[in-house]
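Which chain is which? The protein sequence lines are A and B, in order.
So the first sequence is numbered by the numbering used here: it starts at 729 and just counts up by one.
So the second sequence is numbered by the numbering used here: it starts at 729 and just counts up by one.
Just so you know, not all the hints are guaranteed correct.
30 angstroms max Cα-Cα, derived DSS-like pairs, lysine-lysine [what the hints assert, rightly or not]:
#1 B:LYS744 with A:LYS938
#2 A:LYS1149 with B:LYS744
#3 B:LYS844 with A:LYS744
#4 A:LYS965 with A:LYS938
#5 B:LYS938 with B:LYS965
#6 A:LYS756 with A:LYS899
#7 B:LYS744 with B:LYS756
#8 A:LYS999 with B:LYS938
#9 A:LYS975 with A:LYS999
#10 A:LYS744 with B:LYS975
#11 A:LYS938 with A:LYS963
#12 B:LYS756 with B:LYS938
#13 A:LYS756 with B:LYS744
#14 A:LYS744 with B:LYS951
#15 B:LYS965 with A:LYS965
#16 A:LYS999 with A:LYS938
#17 A:LYS744 with A:LYS756
#18 A:LYS744 with B:LYS899
#19 B:LYS1149 with B:LYS951
#20 A:LYS844 with A:LYS909
#21 B:LYS965 with B:LYS951
#22 B:LYS963 with B:LYS951
#23 B:LYS744 with A:LYS899
#24 A:LYS963 with B:LYS951
#25 A:LYS975 with B:LYS965
#26 B:LYS899 with B:LYS963
#27 A:LYS963 with B:LYS756
#28 A:LYS909 with A:LYS951
#29 B:LYS951 with A:LYS951
#30 B:LYS965 with A:LYS744
#31 B:LYS909 with A:LYS744
#32 B:LYS999 with A:LYS744
#33 A:LYS909 with A:LYS999
#34 B:LYS744 with A:LYS909
#35 B:LYS909 with A:LYS909
Restraint-style ranges between C-beta atoms, simulated for each label pair [stated by the list, open to error]:
#36 B:GLN755 with A:ARG774: 22 to 32 angstroms
#37 B:GLU949 with A:GLU890: 53 to 63 angstroms
#38 B:GLU1026 with A:ARG774: 33 to 43 angstroms
#39 A:ASP1085 with B:ALA998: 16 to 26 angstroms
#40 B:PRO933 with A:ARG774: 30 to 40 angstroms
Hints are computed from structural coordinates only; laboratory data are not their basis.
Virtual Cβ for every residue (Gly too), placed ideally from N, Cα, C.
2 protein chains.
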Amino acid sequence: MQIEIICTGDEVLTGKIVNSNFSYMSQKLEDVGLSVRWGTTVGDDRETLLHAFQQAGARADAVIVNGGLGPTIDDLSQEIAAQAAGVPLVFHEEWFTRMEDFFRRRSRTMPANNRKQAMLPATAEMIDNPIGTACGFALDIGRARFFFTPGVPRELRRMLEEQVIPRLLLKSGLQSTIHLKRFHSYGLGESHVDSLLTGVEDLVPDGSVKLGFRAHYPQLETKLTARGSDLDDIKAKLVPVEQEIRKRLGNFILAEDDQTLEGVILGALAKCAGTVTIVETFTSGQIAARLGHLPGAEAIIQRGIVSRDLRQIHESVGLPGAPEGELTREHAEAVARAAQRTTGATHALAVLVDLDDGPDRIEFGGAICLAIATAETVESRRSRIVGGREWVRLGAVEMGLDCLRRFLQGLPVYERIDFEKV
Amino acid sequence: MQIEIICTGDEVLTGKIVNSNFSYMSQKLEDVGLSVRWGTTVGDDRETLLHAFQQAGARADAVIVNGGLGPTIDDLSQEIAAQAAGVPLVFHEEWFTRMEDFFRRRSRTMPANNRKQAMLPATAEMIDNPIGTACGFALDIGRARFFFTPGVPRELRRMLEEQVIPRLLLKSGLQSTIHLKRFHSYGLGESHVDSLLTGVEDLVPDGSVKLGFRAHYPQLETKLTARGSDLDDIKAKLVPVEQEIRKRLGNFILAEDDQTLEGVILGALAKCAGTVTIVETFTSGQIAARLGHLPGAEAIIQRGIVSRDLRQIHESVGLPGAPEGELTREHAEAVARAAQRTTGATHALAVLVDLDDGPDRIEFGGAICLAIATAETVESRRSRIVGGREWVRLGAVEMGLDCLRRFLQGLPVYERIDFEKV
Chain A
729 MQIEIICTGD EVLTGKIVNS NFSYMSQKLE DVGLSVRWGT TVGDDRETLL
779 HAFQQAGARA DAVIVNGGLG PTIDDLSQEI AAQAAGVPLV FHEEWFTRME
829 DFFRRRSRTM PANNRKQAML PATAEMIDNP IGTACGFALD IGRARFFFTP
879 GVPRELRRML EEQVIPRLLL KSGLQSTIHL KRFHSYGLGE SHVDSLLTGV
929 EDLVPDGSVK LGFRAHYPQL ETKLTARGSD LDDIKAKLVP VEQEIRKRLG
979 NFILAEDDQT LEGVILGALA KCAGTVTIVE TFTSGQIAAR LGHLPGAEAI
1029 IQRGIVSRDL RQIHESVGLP GAPEGELTRE HAEAVARAAQ RTTGATHALA
1079 VLVDLDDGPD RIEFGGAICL AIATAETVES RRSRIVGGRE WVRLGAVEMG
1129 LDCLRRFLQG LPVYERIDFE KV
Chain B
729 MQIEIICTGD EVLTGKIVNS NFSYMSQKLE DVGLSVRWGT TVGDDRETLL
779 HAFQQAGARA DAVIVNGGLG PTIDDLSQEI AAQAAGVPLV FHEEWFTRME
829 DFFRRRSRTM PANNRKQAML PATAEMIDNP IGTACGFALD IGRARFFFTP
879 GVPRELRRML EEQVIPRLLL KSGLQSTIHL KRFHSYGLGE SHVDSLLTGV
929 EDLVPDGSVK LGFRAHYPQL ETKLTARGSD LDDIKAKLVP VEQEIRKRLG
979 NFILAEDDQT LEGVILGALA KCAGTVTIVE TFTSGQIAAR LGHLPGAEAI
1029 IQRGIVSRDL RQIHESVGLP GAPEGELTRE HAEAVARAAQ RTTGATHALA
1079 VLVDLDDGPD RIEFGGAICL AIATAETVES RRSRIVGGRE WVRLGAVEMG
1129 LDCLRRFLQG LPVYERIDFE KV
């Protein structure tokens, strides 16, 4: 089935906003086994909108249009959809009442121009938007079924998932259920994981499981898209594949599905009634910032201590003046131990970075010395990362968090990663 | 002049990566007075690429194609460009030598498949890429001039600015020089600034100055696009407009042009040989993180102290146990004073946040009590921000930094902003 996406709106066309709705929709379709073949971006302009609708209607089987359903004069999607389909706009009493209720529940009066949002092409099938005033709808233009969706991301997301994707699956004949299983890892590059996982799809011989990746440095997402007659069937099929992936990626898997690295760390600390103090240098608060604002973190993050100056770090944790020479694991251990002791946390993470000198460049790197201490024990690692200032910063943040996760899960804090130089 | 952009690549089409190149290009063109009329996204597929090139070539005057110039088998731009233009691919000796040098300088051997990057359509005008191996080029397809650019953002950005935009301006007949003047502000919403600036464009009666905005909460960028015979002419014309904008937006302007809030703060502290300690609660290190990793910050950021627990904050700065009851300006002042004293910094910023209880929702808010202290003086403010947890967090970070900027510039730390509730 040929699917296209048309994104409308001057703000998107002129680049005032980055079009993240497009990638969101495209990924969601990929996740259920559908593919987008063509994307179009046009502004709030009658002539180009009509042209875009007609062209996609001649080429595709299904088209998702995003944006242009608002109450203002530059929102043109209903009008041009009606024109392209050769039908009049008609007033939709049911939606008008829904909008009145929407405003009443918020103790507001509906402005007159919202009436426009209840005008739909005569042949349109209404598509519900339970959280906004922009009414979605579907209709045929040319040989394609068009689905009109709101530009507000949270309204789009809900409508896409609950209304549009089921209709697309039905139309595509992919009546089977689809399930997406995800693994999140840190430390192995996409091509490395790809080669480590060679053949795992074949553990389900009927070809109904597909492997894919999404890299967002420093983390990598490994995705399994599985198809079957129902969810139980799929889950049974996936068991051996999941087991094999967990075996092959081992300790590098930091979370699965909707879990996050932050959530796993906070969960592990909460479980042991633990607290943590975080000491940072070059990362300047970015490790603490990944955890501290999350709900529940107020009882877990004991203290964050930040300085680019090791003497300040030492003073903060009650150690004598900073040592000279190259940063070592032992130094990170001493800082972590002292931070744990002086702040009274059950755990302390110290991430000290020795940056290269000179201007930023692709060979620019830094040595990351990190340690995790409790009252009884301490573990540490030293790793060099290169690739420019930003790369070192992002790598140090992620390595610090991931080593804390490893420590809390009883896994080795040191395992060689693809991003470090030896 | 009708301009289109075609973005190519499976990673963009499937949403594996968000297409920020599109918005970047579109904004850069807007900044010089050019507009994009149509955007197309297609994958690494011969048939759709050819179709996209032909369609744009029949419709537009100029087309920028992004991506597909790499060395791998799925990089098809040169091949399909040649096909669409009806010319053969020819080997480009000059570029091949450049690539060999590129690898030699990095002490690497050029892989055989990079030869492909030196194959260009016979009629192509080569466009230099001084920082990569993907050779840009221009040629005619249909009635349009096509400009082929690399997908790697930093290579694209440089080529667009130095090579493509000058050619587009020449082609468009906009021979006049264009200059972009920008003001960055925090605290006033876009529509408020728009109404405050009513009529400023008319200070240049010939209509050659255009006002525009780009909002990226919490900051707002106010842009003046000015046209003239040369840069001196434009700058002279802009003087009264700039003065008027500075007068009307006053202390809310935090930086101009390429300056940033972070840069202004570090610059002001460096100038007075100052250092700063930052104390944070809910923002959990995010204020320190905006400054601490920047070049030069190592001598300026004295210490960052983070905790969600006020007793920990008090202990860190040598104050007795935390007070009960509502957070006050006086409390923030006491913390800032103590932090300045105990860490020996010339300045201390304390940003304490009293979050609402309960689950996240649109009415969720927080009271921000912030203070800035030196050895001699202290200033403070208390502001309530609502709009959900994330909104409060972003607002507290920006308000903390902006008030520090105000203090360092001798401006009042408190002026009512549009985002606070009273």
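Hints and how they fare:
1. B:LYS744 with A:LYS938: holds (16 angstroms)
2. A:LYS1149 with B:LYS744: Distance of about 27 angstroms is within 30 angstroms: holds.
3. B:LYS844 with A:LYS744: Judged against 30 angstroms, a Cα distance of about 36 angstroms means the pair is violated.
4. A:LYS965 with A:LYS938: holds (12 angstroms)
5. B:LYS938 with B:LYS965: With Cα atoms ~12 angstroms apart, B:LYS938 and B:LYS965 stay inside 30 angstroms; holds.
6. A:LYS756 with A:LYS899: holds (16 angstroms)
7. B:LYS744 with B:LYS756: holds (24 angstroms)
8. A:LYS999 with B:LYS938: Not OK: A:LYS999 and B:LYS938 at ~59 angstroms, beyond 30 angstroms, violated.
9. A:LYS975 with A:LYS999: At roughly 25 angstroms apart (the allowed maximum being 30 angstroms), A:LYS999 and A:LYS975 satisfy the hint.
10. A:LYS744 with B:LYS975: Answer holds: A:LYS744 to B:LYS975 is near 26 angstroms, not above 30 angstroms.
11. A:LYS938 with A:LYS963: holds (14 angstroms)
12. B:LYS756 with B:LYS938: Status holds; Cα separation ~15 angstroms.
13. A:LYS756 with B:LYS744: At roughly 10 angstroms apart (the allowed maximum being 30 angstroms), B:LYS744 and A:LYS756 satisfy the hint.
14. A:LYS744 with B:LYS951: holds (12 angstroms)
15. B:LYS965 with A:LYS965: This hinted pair is violated, its Cα atoms lying about 71 angstroms apart.
16. A:LYS999 with A:LYS938: violated (35 angstroms)
17. A:LYS744 with A:LYS756: holds (24 angstroms)
18. A:LYS744 with B:LYS899: holds (25 angstroms)
19. B:LYS1149 with B:LYS951: Holds, at roughly 28 angstroms.
20. A:LYS844 with A:LYS909: Since the Cα atoms of A:LYS844 and A:LYS909 sit roughly 42 angstroms apart, the hinted pair is violated (cutoff 30 angstroms).
21. B:LYS965 with B:LYS951: It holds: about 15 angstroms lies between the C-alpha atoms, which stays within 30 angstroms.
22. B:LYS963 with B:LYS951: holds (14 angstroms)
23. B:LYS744 with A:LYS899: Answer holds: B:LYS744 to A:LYS899 is near 25 angstroms, not above 30 angstroms.
24. A:LYS963 with B:LYS951: Answer violated: A:LYS963 to B:LYS951 is near 54 angstroms, above 30 angstroms.
25. A:LYS975 with B:LYS965: violated (68 angstroms)
26. B:LYS899 with B:LYS963: holds (25 angstroms)
27. A:LYS963 with B:LYS756: violated (49 angstroms)
28. A:LYS909 with A:LYS951: holds (6 angstroms)
29. B:LYS951 with A:LYS951: violated (43 angstroms)
30. B:LYS965 with A:LYS744: holds (26 angstroms)
31. B:LYS909 with A:LYS744: holds (17 angstroms)
32. B:LYS999 with A:LYS744: With a Cα-Cα distance of about 35 angstroms, the restraint between B:LYS999 and A:LYS744 is violated, given a limit of 30 angstroms.
33. A:LYS909 with A:LYS999: Cα-Cα ~25 angstroms, so holds.
34. B:LYS744 with A:LYS909: Within the cut-off at roughly 16 angstroms; holds.
35. B:LYS909 with A:LYS909: Not OK: B:LYS909 and A:LYS909 at ~49 angstroms, beyond 30 angstroms, violated.
36. B:GLN755 with A:ARG774: 22 to 32 angstroms: Check passed, 24 angstroms falls within 22 to 32 angstroms.
37. B:GLU949 with A:GLU890: 53 to 63 angstroms: violated (36 angstroms)
38. B:GLU1026 with A:ARG774: 33 to 43 angstroms: violated (56 angstroms)
39. A:ASP1085 with B:ALA998: 16 to 26 angstroms: holds (19 angstroms)
40. B:PRO933 with A:ARG774: 30 to 40 angstroms: holds (32 angstroms)
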